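Chains as they are written, first to last, in the numbering used here: chain A, 1 to 484; chain B, 485 to 756.
To be clear, the hints were calculated from the coordinates, so they are not data collected in a lab. Fair warning: this is a prediction, and the values are worked out from it, not measured in the lab. Every residue gets a Cβ at the ideal spot worked out from N, C-alpha and C, and that includes glycine.
The following residues of chain B were derived to be distant from chain A, with all beta-carbon distances above 12 Å: (1) H499; (2) V551; (3) S674.
Derived Cβ-Cβ restraints for the label pairs, each shown as a range: (4) L118/A - F746/B: 51 to 59 Å; (5) I134/A - D495/B: 17 to 25 Å; (6) V556/B - S142/A: 33 to 41 Å; (7) S142/A - Y687/B: 22 to 30 Å; (8) V556/B - I134/A: 41 to 49 Å.
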Amino acid sequence: MIEAKNLSFSYPFSSPVFEEVDFKLAPKEVVVITGPTGSGKSTLAKCITGFIPHHVDGTYVGSIIINDHDMGDMSLADISRLVGLVQQDSESQICTLKVLDEIAFGPENFLVKRNDILSRIQESLDAIDSHHLIERETYALSGGEKKRIVIASILSSLPQYIVFDEPTSNLDPQGIKQFQDLLLQLKENNFGVLCIEHNLNAVLPVADRTLKLDDGKLVSYNPVYESTESNSPRIQPFLFQEPLLSASQISFSYDSKIAIDNLSLSIYPGEIIALMGDNGSGKTTLLRLLSGLLSPDFGQIFLGDTHIEKLSSKDIAKHTGIVFQNPVHQIFEKSVWQEYTLGLRILGLDDIYHLEQAEEKLKKYGLFEKKNDNPYSLSHGQKRRLNVLSSMVHTPSLLIFDEPFIGQDKVGRTLITESLLNHQKNGGASIVVTHDSEFSKGFGNRLVFLDSGAILLDGTPESVLSHLALLGKDEYDFSGVNQE
Amino acid sequence: MNKQFGFHEGDSFLHILNPLAKFLSLIFIMIGILIYPSLTLTIFFLLLTLIGFRVAQVPLELSHNRVRFLLVFSVLLLVLQVMVISNGNVIIYLVPVLNGTGPFFPITDYGISVGLVFATRFLLIVLSSMLFVSVTDPTLLAHSLARSGVPYRYSFALIISLRFLPLFDAESDMVRMAQRARGITYDVRSIHGILASIRYTFYPLLVSALSRVDTLSMSMDGRGFGYDTHRTYVRFAKWRKRDSFLMILSLGFLILCVLFSFNILPFPLILF
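This is chain A alone, in the form it adopts within the complex:
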């Protein structure tokens, strides 16, 4: 049993993240902790896994007892034999170049014999149904595959308790289903599991208890299902108008691997297109092609009636607003305000009218008080909101968003969807990569489903999801986010 008693923690020169938290995790138990962005969930996970106070500075009060031993008296290596932490950012947790080496890393450090390590590798990969990845190079895996490998690399060390921090954030619905099965399997095998999660629908079916961390307090929580569907009637796309963007028979390969295969797609004003598909199906590559950041090997893309390759990056930027998966890669300025208005300055639109409008939106997004802060000092969710705002500051006609809801709490999610709806009302179009069918059904008027770089289904969200169910992919219809 892991038991936290009267646990309080604050980072240097900051107010407490949480105070007097009591928490228990028993073997054969799956506990979920949810709460808004920045409420301290990840900090609590670091406490429970011993990284606080061993690895992170701050004021730590209280105690954590693990299997009748005080964690304060144990070394981090000893704690890590009992508790494993799967962190939020999969990419940065991988320290070797091959999947096999990565999963062997823990047992090798704990001096496990070679033959035993080999069988642990098999078992860990079997548990996440990813045996096919064993010979792959880690840097070439997709986001979802990396997440699976990180989980396997913790499983191979055979800890008694595992803490998952946002485990489903990069997983496709099939991956989420596999993760639920994994949790049940871990439970059966006497593991104690703690899941820190925004996406409650992903873990609630297998959770024994749910807790909520908010305002520094950890309390028991009974989530109530709330549909995220929009109350306003769905706007129909203006199909009689010229498409804002059209791709005709485009193909693209990375070396010999085909990423996009003879795909055609037109985007019309008034459309909110949900782009869905399994991990590695080519969604991100397609967005990069549509935004002119990659050139197709074959086929053509037109922005309006101009071939996209004939346009300068400034011309493309004028008509498109792009948000990438990692918020850090698209922040360039030293203050939130400078970053937000960068697009206006580049495009020569930094006049009073636009700047006043920009200020209003910054207030609405709750970032105005931080306008002079360094954007890198914002939380992950706030950085994401800043990315979204910055991409729309010059009112482009087409928004291209790659998984904008990752790491967003209810508030952030609502703000982003409202922005998409307003953009739609003003005649703009959006294409949004997401694994969330609730978003597709609630806000999208078109769903494009990619499979192996080609469009498998294209239609209204309801019809595509029902066809997917017929094709045995019914998990996509239940991949909504009951968000906290």
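Position chain B relative to chain A; hints supplied.
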């Protein structure tokens, strides 16, 4: 992801050599070349390195920015040496006698030969190191280093740097894409453009790299890194006869270079 640098899996002769034997041979040959400045020898090893890329089927695309940068930099080294060294027989003056003044900037045979040695040495050191990284499995290298007595904490520093090489390569591509997506353009021929490039490229890359440090160290410590002074290995490299042969050859080369450079053996003219 299109990987330009880092380990390329393969089964060529260069791939299957023991990583430690390759590493030590590389160091011996580099030291030999540095203490015995022979242009012929340097060009010989440079050609051998280029053949090595071919044999190992590792692409060395001259069109790639970084390879182009290496070539440009080596030419600059040559030009700089030719310009600043005035010893030797003058071949030509860059500025001839004009109205009774001059001549200035003599180009000498000695300046050219020193410039060529510097430029080819630079290319050899960088390209042979790139070849070594391309044909050496970092995990096997870490194991070989650990077996030779290097604490595994240090040998893993090497693995991690190689692990993150393709990642940072991909991240710099991502940052450039993000710049283009925002319409950011700069002219790197001006100081202002260079500063803008630094600000818009290195800043996000640096922040991204620093943000990974904590996560990575927690990930490694959380899986028992440093639990004991030793660790086991699932994959390990064996030492074979060919590795001993390579060591004898490279060590012999180093000893010869030392003997030549200290005039213990007379300089063979063919190698000068």
